[in-house]
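*Asks:* Given next are the chains, with one letter for each unit.
Protein chains: 2
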Amino acid sequence: MPCIKEEKEKTVENKDLDSGKEKMNIDDGRGTTVLRRDSKFEPNPSLSTLLIGKPLATADEADQTIGKAIGLAVFSSDALSSVAYAPQEMLIILAAAGVTAFNISIPLALAICGLLAILIFSYEQTIHTYPNGGGAYIVSRDNLGELPAQIAAAALLTDYILTVAVSVSSGVAQITSAYASFYPYRVEIGVLMVMLIMLINLRGVKESGKALAIPTYFFLATMIALLTVGFYKYFTGSLGQVLDPPMDILREHTVLQPITLFLILKAFASGTTALTGVEAISNGITAFKEPKSSNAGKTLIMMAVILGSTMFSITFLANQIGGLPSEEETLISQLARTAFDSRGIMYLMVIIATTVILIMAANTAFAGFPRLSAMVGEDGFLPRQLAFRGSRLVYSRGIVVLALIASLLIVLFQASVTKLIPLYAIGVFLSFTLSQAGMAHRWWKSGKLKPDEEIAEKGSFVRHDKNWLFKMIVNGFGAVCTFVVMCVFAVTKFTDGAYLVIFLMPVLVICFYAIHRHYKNLAKNLSLDDYISASRIARHRVILPIGGVHRGTLAALRYAKTLSEDITAVHVSMDENEARKVQQKWETHGDGTRLVILESPYRLFIDPLLKYIDEIDENRQANEIITIVVPEFVPRQMLANALHTQTAVELRMALRFRKDIVITNVPYVVD
Amino acid sequence: MPCIKEEKEKTVENKDLDSGKEKMNIDDGRGTTVLRRDSKFEPNPSLSTLLIGKPLATADEADQTIGKAIGLAVFSSDALSSVAYAPQEMLIILAAAGVTAFNISIPLALAICGLLAILIFSYEQTIHTYPNGGGAYIVSRDNLGELPAQIAAAALLTDYILTVAVSVSSGVAQITSAYASFYPYRVEIGVLMVMLIMLINLRGVKESGKALAIPTYFFLATMIALLTVGFYKYFTGSLGQVLDPPMDILREHTVLQPITLFLILKAFASGTTALTGVEAISNGITAFKEPKSSNAGKTLIMMAVILGSTMFSITFLANQIGGLPSEEETLISQLARTAFDSRGIMYLMVIIATTVILIMAANTAFAGFPRLSAMVGEDGFLPRQLAFRGSRLVYSRGIVVLALIASLLIVLFQASVTKLIPLYAIGVFLSFTLSQAGMAHRWWKSGKLKPDEEIAEKGSFVRHDKNWLFKMIVNGFGAVCTFVVMCVFAVTKFTDGAYLVIFLMPVLVICFYAIHRHYKNLAKNLSLDDYISASRIARHRVILPIGGVHRGTLAALRYAKTLSEDITAVHVSMDENEARKVQQKWETHGDGTRLVILESPYRLFIDPLLKYIDEIDENRQANEIITIVVPEFVPRQMLANALHTQTAVELRMALRFRKDIVITNVPYVVD
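Protein chains in written order, with numbering that gives the first Met the number 0: chain P, 0 to 670; chain C, 0 to 670.
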């Protein structure tokens, strides 16, 4: 009685539509469409609910904006935290030439500050051109095209993964510096941290939440304290040498290398890891108060100043106290205990603050990676699933993937920052280069335009800009510098592990394109343009494989009868008596349905069945469809499934590529 | 045009029936049944074909019979091989009381020979009563009932597994005795051997194949050579002491225990492992030439004599040469190199022969385990699948299971015979006890009968037997002895590992019964007695979940139309615009089918759908059935599946216990 059902639908629909706050505009013209709004729908609690909290409705998405002060704190943790390892990594390289080479790190630090300035200068321009956020991916997609965009994506994704691995490892290193007894468990601690951050992010953190500002300012405070004390003592000459510094790295270098240009460049490359994360702000502009761009811009500069000065100061002081790079005690720890002449409360503060901000840095990657992979997923270069937002409004899948890969790296590289660094900065600088190049190209185009003419670019609009030339030069210069640094990095660190990334990058890009091709074909296959609605199916043939005659098979038969009149029950017989029994029972219960008995001399079950289906398949006419109805036991206890052969599954695997063959299993529940 | 099809079927059938050599008698009364005989059907080759050879037809099963000489060789490898470890294991126990205690092993060996005599005597009776093979399982099933039978099954199965583990480990020990350098790899070698034996058995070995006789006779020959030389030198006083014997075991015992009764009994228990495998013949009677029983009986006695004498001689001589038990060099090896005064060719012969026969012993377990588990499976106490014979006419699944568990044991116990022994003999003696007790009970019943009266027992017939009393006493005595030995074993070895088996046994039996219950319920659920054929399904409702409107969905719709007129397409909407697009497209392509749009505020897909299905489920009348037609992409490349969400699978899991809900996925192949 369909009419009644119709009735019900209708009423439901009306009720819902009225109850609905903002009415979804679905035109109900022909009465064929029914909209069900379920405002009261509550997903039932589960383990995941317990772990990550109850689902959030899409409507709950709030976007609060933040000022410069908070913005600085929120977006610079990644960049600032890198001072915890960058100076030390420089020294580790220089150590190969002995302690005398250490003071080279001071000019290097200055050079890096210079590079930072250039970078900031040209990013500042990006921020004003992309007020809605201009990550390297978007910029290069808009201005350079698909391939560069995908390269940028590959670079950024690897970069995010390494940010997590490096930051967490460095965080662990801080802890083990204070409590050496934890050193043997550094890998476990690291993985545990990652899992924790993952959970937090699965719950969903407001990336622009004020709470996140506290640790950054705590870190800044401790740094200021440390550096002021340090410099005060330095100028008053009361800054002593670090007591029994860790010798592990120096001990490795029994024969000293000469100080070559290569060595210096290599040290420089290590130092550039301090610049990782400066792009963060340009991704998050939308979070700022109006005027967004200028606020973001100012924040960017502020951050750069802090980052540069801290980085330089640490390098400088570390040299004065004769701090030694080490896997066992970080430079920060040595500096702190020397400046505060003890492992007292202040020392602990520094360690804690550093650890926390490093974890915060990892956390920002947990915001960036899923967002980017979702973007790439929507563009169809990564599995679409990455673009679905989980119950907590976050891209859960991306978060989990990131956590897993990062943990894997931590395990493989034994949570050693020094071993991870060579893989790190390439991705970062590649993305820098691409986004700067993209901007430069954009200015060049805008130069070609007449005043206040504008052309639509893929994503955005290109307007004429009167000082396009200057801006082009700035971005162009930035691109060149970052590109050079990338090359230096790739060459000097190649054998230390950079080759991995250099090899991985193209592989990733190739995968992206493979995925893209798949989705493109799919779309082409599925598109309804020039689609001639297929003729209605004329004939429906049902095949019913039966092992024996029992309620299960009869249930299946009963269902089969609703599909078609043309049913053939098929029994694969491995034993004559069995077959005879089946036949007799079928005569009584099969109510007249044709039964075919296939002898299986080799006691195989699937193969003869397939062969039979093939035969039918061959001589069937157009728009005839075959449905194979498989009776299936569904035991209440999961384990009991092991006691039954899953015919349907095997058949489905065997016939998956056949056109117009459908396999249905009619479940028969047994308690 | 069904008629045509009918035609075809008919012709096919007639042709086939004529072509068929021996016509399968299927009465084709109502013309509803069609028999297809496919003599030319050849399964297509595959990896498995390569490994285990091409399938064998059931008809190919040949049964050749064998004489006593061959029979002895074929069935006694298991029993005889145990002389390779039994004497040594006795010494290992006695070692706890120091070398002086070793000569206790000689009386113990005699005692074991006595036990063997009793055992043989009472098995001889079993053979004559069960000319078709009377394994412990059958005997106790026929005469003691279900529970004892299942206990016997559990005992025998564990016993078979341990036979493989112990024999292979001992085999490896022989090799490492000759070539100590292999000692570190003993586990790998052991596992490799098991896998090899598995493959051979998957190919299918004629258990009664004459080929298998050779190794046994080779072993016997070498043993005779060894012992003659040994005794000759002993009597001529030229039998020296073993040169630098392995000290590893003695070294362990720094403080010597006193010689307690417990210690002696424990040593005795270890020795009784020599008796494992004597039941083999009683399983294989059918393989013998007529008069089967008497031939088998004579063979049994022959075997017992050889086994007893060899076992005793080895123990005796080992004591004379001051051989020491060891994990590093077997007693056999020490005896051989002492008797032949070198590690020359004869020595190697002995080692090789011993290794080979031990592997043969493992091989017999590979015949026994699958056969038994198939039997138990047919009785419904183990998964039925175990009773299916594979393409090579062997119970492939059983073989694989045995190989895996045995390998696991070898790994866990580091291929150490001494560590495995405590788990071993309990199962054996438990099965001995049960089968003897069964026989005794049988005689008792037969005693109650009048002359030449006979009653049908479960499996067999019980006839009156005039000297039933004597026979009952024999078997009864046998049962008692084996029972006592089992208890001694269990008590003395409890802490060494016997507790594992004692714990495992009941667990196994409980599992057997759980499985049995499941199958019983299933049978009850499915049985057609008092089955009122269910009323024809009155109404068929189709639900068609669609993610979007494309060829895939339309293909599914096209199929759905063949099922019923009452179709509802359901779109779960997470995004308003998306929903509107779907709706518009549906208006053009959905040709009038009702579309329901479910808003999913939490971006969940399955849950709202389930909720909707529930609602429909609630208010549906009797014999209305719901089919959920799920469009599914089938990409050609396996990997590409990762790029699509498998809705059908999730739905099937969620709805598996619902009555009268069928889930069909209509595949849409995309290249």
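Just so you know, the hints here were simulated from the structure itself, not pulled from any lab data. Note that the structure is predicted; figures quoted are calculated from it, not measured. Yeah, the Cβ is synthetic: ideal placement off N, Cα and C, and Gly gets one too. Careful, some of the hints might be misleading.
Distance condition first, Cα-Cα at most 27 Å in a straight line; then the derived BS3-like pairs of lysine-lysine [as the list claims (entries may be wrong)]:
(1) C/Lys560 <-> P/Lys523
(2) C/Lys523 <-> P/Lys584
(3) P/Lys560 <-> P/Lys580
(4) P/Lys523 <-> C/Lys584
(5) P/Lys418 <-> P/Lys67
(6) C/Lys523 <-> P/Lys580
(7) C/Lys560 <-> P/Lys658
(8) P/Lys519 <-> P/Lys658
(9) C/Lys580 <-> P/Lys523
(10) P/Lys297 <-> P/Lys465
(11) P/Lys560 <-> C/Lys584
(12) C/Lys67 <-> C/Lys288
(13) P/Lys584 <-> P/Lys560
(14) P/Lys465 <-> P/Lys560
(15) P/Lys658 <-> C/Lys584
Negatives, chain P to chain C, calculated, CB over 12 Å [to be verified]:
(16) Thr99
(17) Tyr216
(18) Ala220
(19) Gln256
(20) Lys297
(21) Met301
(22) Ile344
(23) Val355
(24) Asn466
(25) Cys480
(26) Tyr558
(27) Gly589
(28) His643
*Asks:* Evaluate each hint against the coordinates.
*Replies:* Evaluated hints:
Straight-line distance between C-alpha atoms of lysine 560 of chain C and lysine 523 of chain P comes to about 25 Å, which keeps the hinted pair within the 27 Å bound. For the proposed pair lysine 523 of chain C and lysine 584 of chain P, the alpha carbon gap of about 16 Å is at most 27 Å, so the pair holds. Distance restraint check for lysine 560 of chain P and lysine 580 of chain P: the Cα-Cα separation of roughly 23 Å lies within the 27 Å cut-off, and the hinted pair is therefore satisfied. With a CA separation close to 16 Å, the supplied pair lysine 523 of chain P and lysine 584 of chain C stays within the 27 Å bound.
Distance restraint check for lysine 418 of chain P and lysine 67 of chain P: the Cα-Cα separation of roughly 36 Å exceeds the 27 Å cut-off, and the hinted pair is therefore not satisfied. About 18 Å separates the Cα atoms of lysine 523 of chain C and lysine 580 of chain P, which keeps this hinted pair within 27 Å; it holds. Using a Cα cut-off of 27 Å, the hinted pair lysine 560 of chain C and lysine 658 of chain P holds, with the two alpha carbons roughly 17 Å apart. A C-alpha spacing of about 21 Å is found between lysine 519 of chain P and lysine 658 of chain P, which places the hinted pair at or below 27 Å, so the restraint holds.
A hinted pair counts as satisfied when its Cα atoms are at most 27 Å apart, and lysine 580 of chain C with lysine 523 of chain P qualifies at roughly 18 Å. Of the pairs offered as hints, the one joining lysine 297 of chain P and lysine 465 of chain P holds, with about 23 Å between alpha carbons and a cut-off of 27 Å not exceeded. Of the pairs offered as hints, the one joining lysine 560 of chain P and lysine 584 of chain C is violated, with about 33 Å between alpha carbons and a cut-off of 27 Å exceeded. Restraint check for lysine 67 of chain C and lysine 288 of chain C: the C-alpha separation of about 8 Å stays at or below 27 Å, so the hint holds.
A threshold of 27 Å between alpha carbons decides the hint, and for lysine 584 of chain P with lysine 560 of chain P the separation of about 18 Å falls inside it, so the pair holds. Under the criterion of a C-alpha separation no larger than 27 Å, the hint pairing lysine 465 of chain P with lysine 560 of chain P is inconsistent with the structure, at around 78 Å. A hinted pair counts as satisfied when its Cα atoms are at most 27 Å apart, and lysine 658 of chain P with lysine 584 of chain C qualifies at roughly 25 Å. Every Cβ of chain C is farther than 12 Å from the Cβ of threonine 99 of chain P; the closest lies at roughly 49 Å, confirming the non-interface assignment.
Interface exclusion of tyrosine 216 of chain P from chain C stands, the closest Cβ pair being 35 Å apart, more than 12 Å. At roughly 41 Å from the closest C-beta of chain C, the C-beta of alanine 220 of chain P stays outside 12 Å, upholding its exclusion from the interface. The beta carbon of glutamine 256 of chain P sits about 41 Å from the closest Cβ of chain C, which is more than 12 Å, so the claim that it is off the interface holds. Every Cβ of chain C is farther than 12 Å from the Cβ of lysine 297 of chain P; the closest lies at roughly 36 Å, confirming the non-interface assignment.
Its beta-carbon lying about 37 Å from the closest one in chain C, methionine 301 of chain P satisfies the requirement of being farther than 12 Å from that chain. The Cβ of isoleucine 344 of chain P sits about 47 Å from the closest Cβ of chain C, beyond the 12 Å cut-off, so the non-interface label holds. For valine 355 of chain P, the shortest C-beta to C-beta distance to chain C comes to about 32 Å, beyond the 12 Å cut-off, and the non-interface label holds. Every CB of chain C lies more than 12 Å from the CB of asparagine 466 of chain P, the least distance being 40 Å, so the non-interface label holds.
Taking the minimum C-beta to C-beta distance to chain C, about 39 Å, the non-interface status of cysteine 480 of chain P holds against the 12 Å cut. A beta-carbon of chain C is positioned within 12 Å of the beta-carbon of tyrosine 558 of chain P; the least distance is around 6 Å. Not every beta carbon of chain C lies more than 12 Å from that of glycine 589 of chain P, the smallest distance being close to 7 Å; the non-interface claim is violated. Chain C draws histidine 643 of chain P into its interface by the beta-carbon criterion, the shortest separation being 8 Å against a cut-off of 12 Å.
In summary, the structure is inconsistent with hints 5, 11, 14, 26, 27, 28 from the numbered list given earlier, while agreeing with the others.
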